[in-house]
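Undergrad: Chain by chain, the residues run as shown.
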Amino acid sequence: MNRFSLPPTRRFLAVDVGSRCLKALLVSNLFGKLRIHGHRVIGLDESSQPGSAGWPRVLKELQEELGSHPLAISVPQQATDSQVLDLPGADARTIREQIQSDVVKLSGLTESTIIYDYGQLEPFGQYTNPYWVTHARESEVLAGVQHFQSLAEDILEVSSTANALVAAYREAQPNPTNALLIDLGSSGTEVAVVCQGQGVFVTSFAVGGRLFSEQIRAERCGPVMEAEFAKNTENLLTGEVPMPALRQLVDRWHGELVRILEDWLSEHPVLNLSASHFEVILCGGESEMPGLIEYLRANSVLAFHRWAELPGFPPIQPAGQFAVAFGLACELFRRGGPSASLVPEELRIARKEHGTVQLLQAGTWLVLAITALVLAFGTWQKYYFIREAETQIGQAQAVLQLARQTDRLKLQLAADYEAIRPVLARQAQTIAAIETLGMLVNHPLPTNSWFVLFADADSYYTERVLPPPTNAPAFTNLAAAARLTNAFVAEFSTALDAANARMVLSGMIDRFKTNALFRKVDILSTDQRRRLVKDAVLVPEGHYALSFTLNENNFLKPFLPVEEFRQLTAQLERERTNTSRDLGPATPRAPNR
Amino acid sequence: MKTASKQITRRLSATIALVVIALYYAAVFRPLTEKEQAQIKPFELVQAQLRTAATNNPAIAGLSLEALEKVNAALRVSLTNTAAARDLIASRFAPEPVIATNLTRIFQLIDYQNERLSRGDRLINLAGERKVKITPAVTAGLPEFTIENPMPELLWGQLALMDGVLRAAVLSGVQAIEGVRMPPPVNHTASTNSPNRLMELPLRVEVVGTAEALSRWLGLVLLDPAGREGFKLAKVEGLPGACLRHILARKESTEQPGLVRVTAEFSGFLNLRKPASEPVDRSKN
Numbered sequence: 001m002n003r004f005s006l007p008p009t010r011r012f013l014a015v016d017v018g019s020r021c022l023k024a025l026l027v028s029n030l031f032g033k034l035r036i037h038g039h040r041v042i043g044l045d046e047s048s049q050p051g052s053a054g055w056p057r058v059l060k061e062l063q064e065e066l067g068s069h070p071l072a073i074s075v076p077q078q079a080t081d082s083q084v085l086d087l088p089g090a091d092a093r094t095i096r097e098q099i100q101s102d103v104v105k106l107s108g109l110t111e112s113t114i115i116y117d118y119g120q121l122e123p124f125g126q127y128t129n130p131y132w133v134t135h136a137r138e139s140e141v142l143a144g145v146q147h148f149q150s151l152a153e154d155i156l157e158v159s160s161t162a163n164a165l166v167a168a169y170r171e172a173q174p175n176p177t178n179a180l181l182i183d184l185g186s187s188g189t190e191v192a193v194v195c196q197g198q199g200v201f202v203t204s205f206a207v208g209g210r211l212f213s214e215q216i217r218a219e220r221c222g223p224v225m226e227a228e229f230a231k232n233t234e235n236l237l238t239g240e241v242p243m244p245a246l247r248q249l250v251d252r253w254h255g256e257l258v259r260i261l262e263d264w265l266s267e268h269p270v271l272n273l274s275a276s277h278f279e280v281i282l283c284g285g286e287s288e289m290p291g292l293i294e295y296l297r298a299n300s301v302l303a304f305h306r307w308a309e310l311p312g313f314p315p316i317q318p319a320g321q322f323a324v325a326f327g328l329a330c331e332l333f334r335r336g337g338p339s340a341s342l343v344p345e346e347l348r349i350a351r352k353e354h355g356t357v358q359l360l361q362a363g364t365w366l367v368l369a370i371t372a373l374v375l376a377f378g379t380w381q382k383y384y385f386i387r388e389a390e391t392q393i394g395q396a397q398a399v400l401q402l403a404r405q406t407d408r409l410k411l412q413l414a415a416d417y418e419a420i421r422p423v424l425a426r427q428a429q430t431i432a433a434i435e436t437l438g439m440l441v442n443h444p445l446p447t448n449s450w451f452v453l454f455a456d457a458d459s460y461y462t463e464r465v466l467p468p469p470t471n472a473p474a475f476t477n478l479a480a481a482a483r484l485t486n487a488f489v490a491e492f493s494t495a496l497d498a499a500n501a502r503m504v505l506s507g508m509i510d511r512f513k514t515n516a517l518f519r520k521v522d523i524l525s526t527d528q529r530r531r532l533v534k535d536a537v538l539v540p541e542g543h544y545a546l547s548f549t550l551n552e553n554n555f556l557k558p559f560l561p562v563e564e565f566r567q568l569t570a571q572l573e574r575e576r577t578n579t580s581r582d583l584g585p586a587t588p589r590a591p592n593r
Numbered sequence: 001m002k003t004a005s006k007q008i009t010r011r012l013s014a015t016i017a018l019v020v021i022a023l024y025y026a027a028v029f030r031p032l033t034e035k036e037q038a039q040i041k042p043f044e045l046v047q048a049q050l051r052t053a054a055t056n057n058p059a060i061a062g063l064s065l066e067a068l069e070k071v072n073a074a075l076r077v078s079l080t081n082t083a084a085a086r087d088l089i090a091s092r093f094a095p096e097p098v099i100a101t102n103l104t105r106i107f108q109l110i111d112y113q114n115e116r117l118s119r120g121d122r123l124i125n126l127a128g129e130r131k132v133k134i135t136p137a138v139t140a141g142l143p144e145f146t147i148e149n150p151m152p153e154l155l156w157g158q159l160a161l162m163d164g165v166l167r168a169a170v171l172s173g174v175q176a177i178e179g180v181r182m183p184p185p186v187n188h189t190a191s192t193n194s195p196n197r198l199m200e201l202p203l204r205v206e207v208v209g210t211a212e213a214l215s216r217w218l219g220l221v222l223l224d225p226a227g228r229e230g231f232k233l234a235k236v237e238g239l240p241g242a243c244l245r246h247i248l249a250r251k252e253s254t255e256q257p258g259l260v261r262v263t264a265e266f267s268g269f270l271n272l273r274k275p276a277s278e279p280v281d282r283s284k285n
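Protein chains in written order, with the numbering used here: chain A, 1 to 593; chain B, 1 to 285.
Think of the hints as simulated: they come from the structure by calculation, not from any bench.
There may be inaccurate statements among the hints.
Claimed, not checked - Pulled a few chain B residues facing chain A out of the computed Cβ check, cut under 8 Å:
{"no.": "1", "residue": "ARG10"}
{"no.": "2", "residue": "ILE21"}
{"no.": "3", "residue": "LEU68"}
{"no.": "4", "residue": "THR82"}
{"no.": "5", "residue": "ARG86"}
{"no.": "6", "residue": "ILE89"}
{"no.": "7", "residue": "ALA211"}
{"no.": "8", "residue": "ILE247"}
{"no.": "9", "residue": "LEU248"}
{"no.": "10", "residue": "THR263"}
Bear in mind the structure is a predicted one, so any value in this text is a computation, not a measurement.
Positions of the beta carbon are idealized from the N, C-alpha and C atoms, including for glycine.
Using the sequences plus the hints, can you model the full thing?
TA: See below:
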């Protein structure tokens with residue numbers, strides 16, 4: 001079976017049903033590491049044997065103690081058979097048919113009533129292409145399976161006790177050693193021979209703890225319970241008062257073990273091994289009988305050891321009691337060694353289908369999880385985008401609103417400014433005129449010098465000129481371009497000679513130039529002058545004119561250029577009409593252009 | 001076996017999960033997608049509006065929110081200053097209360113002519129007292145109603161301005177007032193939808209006097225009450241504020257070297273409520 005088809009629960013119950021007790025381990029396999037999460041021993045009496053009335057109570061207790069989990073169970077060794085089949089030169093494609101044919105021959109049963117499994121072994125002894133084949137009657141396996149039907153759990157592994165022992169030993173001892181594994185139970189003894197680390201022979205015989213108890217009862221003529229108690233508490237083999245009859249029975253049991261081993265060795269002389277080359281591991285419920293191991297060590301050629309512990313796990317005492325259950329877990333997880341599974345065919349098929357469905361479901365869940373993740377990511381992304389967009393729209397609208405507000409303020413300011421601008425422009429002219437006039441009045445002049453005229457440029461050029469004196473050239477009308485603008489004109493008359501008069505003029509010009517009011521201060525050329533002053537108040541040849549060009553009057557310009565004003569007005573009007581009903585007050589007054 | 005029920009449970013849970021995801025898609029994800037799509041349009045619209053706003057308005061082109069706020073704050077300060085200037089101008093150029101009342105009333109020719117005669121008489125009497133020569137053309141030059149005058153109510157303002165300026169000349173001690181003329185008013189309507197109109201009232205006056213008298217006269221006409229007080233000038237009742245638009249001052253004669261002839265053009269201002277039916281005036285200053 002495929003270990004990947006195991007259910008994802010990952011926890012399993014490995015149950016070894018003996019004649020006197022049920023041993024169970026709660027195990028898991030996480031990334032190849034086998035772990036034991038719990039163990040339980042439940043005693044079985046006559047009334048609670050599998051199939052009897054008390055059996056459901058045992059299962060209920062098991063379920064309460066360790067929970068409901070898929071199962072791996074053992075079937076008694078005597079209900080199965082395992083042996084080595086050598087198929088030298090066999091074609092790999094026909095191995096299954098050959099083994100099936102051999103199994104049918106060996107068992108004497110039809111193909112349909114047999115459950116079998118096989119696995120290839122490493123060549124050993126005289127075998128060049130050995131296979132470890134395990135088979136059993138389907139009815140006997142199904143009967144064992146049905147004992148657990150009331151648990152309503154999947155049974156994922158069925159194995160014989162001996163094969164389970166071998167699997168447990170391989171897990172405990174990965175090195176290719178030789179061992180004789182003995183499971184001493186109440187009703188019988190199961191034996192497995194391990195050669196070079198692989199199970200090569202299994203058998204069982206009907207001598208077990210119950211016979212030992214019977215012998216004690218016969219010797220002491222007491223009840224069975226008493227004999228059983230004495231067997232488990234008194235050292236009747238190597239103690240102060242040994243029981244010879246029990247010793248004889250143990251010797252007989254030991255002799256059977258030696259015979260089995262020597263028979264097997266004699267069948268494989270090529271190995272050139274003797275019994276002393278084998279480590280003898282004793283386990284099972286009866287292996288703990290007081291004095292047994294000591295008696296065997298003292299009286300056997302074999303090197304007896306107890307099953308010390310289950311490898312890699314917290315110590316469970318006695319560890320040998322759980323060896324079969326542990327081996328079942330190893331079989332379940334297929335941790336090395338040939339397959340010896342006795343899972344009925346329909347269970348295998350169901351499990352395979354189940355595995356496929358589970359894979360499919362796992363795939364579905366994976367797709368669903370990815371979809372959910374993608375949706376979650378998409379949702380986050382969209383939330384983020386929407387929030388960002390809302391923030392940016394908000395900011396942009398704030399900027400836009402502020403820009404519109406700025407526009408409205410500009411238009412408002414332009415309108416308000418236009419309402420006072422003519423007054424401000426006239427005031428600026430007034431201040432310039434008064435300041436210039438004041439400077440002229442206060443300017444110190446030589447006693448024989450005086451101003452004869454002061455005028456703004458417009459008045460100077462629009463005033464009617466006086467008629468020219470006889471023989472004097474007439475003043476002609478000046479072209480508009482030659483006229484001063486934004487300026488004042490002052491005419492000056494002096495009796496000084498030309499040189500001194502010019503010095504006075506230069507001084508006056510230099511003084512007026514320092515005033516920020518004027519852009520330019522200069523004398524006026526003759527052709528720009530006009531005859532507005534009577535000759536009577538002038539000194540002949542002593543008549544000069546000065547021009548005072550003012551800096552630009554900023555109040556003559558509107559706040560906004562006409563084009564910009566029109567664009568802003570049109571834009572605000574359009575926005576107010578179309579989109580911004582909620583922007584507040586109406587468009588400000590538009591200045592008249 | 002329990003497997004069957006587990007299988008059903010697993011299949012059911014997978015189906016439920018699928019349904020939940022489908023529901024989530026339909027109820028949450030799709031609406032979100034639609035909302036996201038819906039955000040694109042207003043986003044592009046605002047961007048386009050911003051681009052347009054920046055293109056048409058050099059003042060905000062390429063400016064950040066902070067810079068815009070600064071511009072905005074500066075504009076508000078300017079608006080406040082403009083409002084303060086407007087208030088100052090209004091108080092400076094406000095006509096005396098009687099004239100202000102008459103400006104808002106329907107023009108009554110009889111009332112105006114009475115007032116014109118009264119002020120003319122007062123001016124002649126005052127000139128006689130101060131020995132200021134006034135030519136007949138001056139009293140005849142006081143604003144007169146004609147049928148062609150589209151805004152006769154302005155005559156009140158013109159009369160007040162001319163009367164005030166001439167009385168100021170008399171009180172300043174000029175030798176003679178030789179001419180006076182009122183060119184047509186100039187309409188400075190601030191905006192097409194402004195409720196007010198600013199009317200400029202030009203006044204051209206020709207006087208002869210000493211430089212000191214003329215200085216006093218200009219001071220009286222052009223300074224505000226505080227300025228007049230500062231220069232200790234005479235008080236002229238009902239003299240509205242005025243600006244000097246043009247000036248031409250000439251030495252008059254050699255016989256009287258101190259005399260100067262001044263031709264000055266003043267501008268008074270009136271801020272009037274604009275009638276709703278008035279057409280837009282496009283005159284420039």
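Undergrad: Now tell me, hint by hint, if it's right for this structure.
TA: Evaluated hints:
no.	hint	result
1	ARG10	holds, 6 Å
2	ILE21	holds, 6 Å
3	LEU68	holds, 5 Å
4	THR82	holds, 4 Å
5	ARG86	holds, 5 Å
6	ILE89	holds, 5 Å
7	ALA211	holds, 7 Å
8	ILE247	holds, 6 Å
9	LEU248	holds, 4 Å
10	THR263	holds, 7 Å
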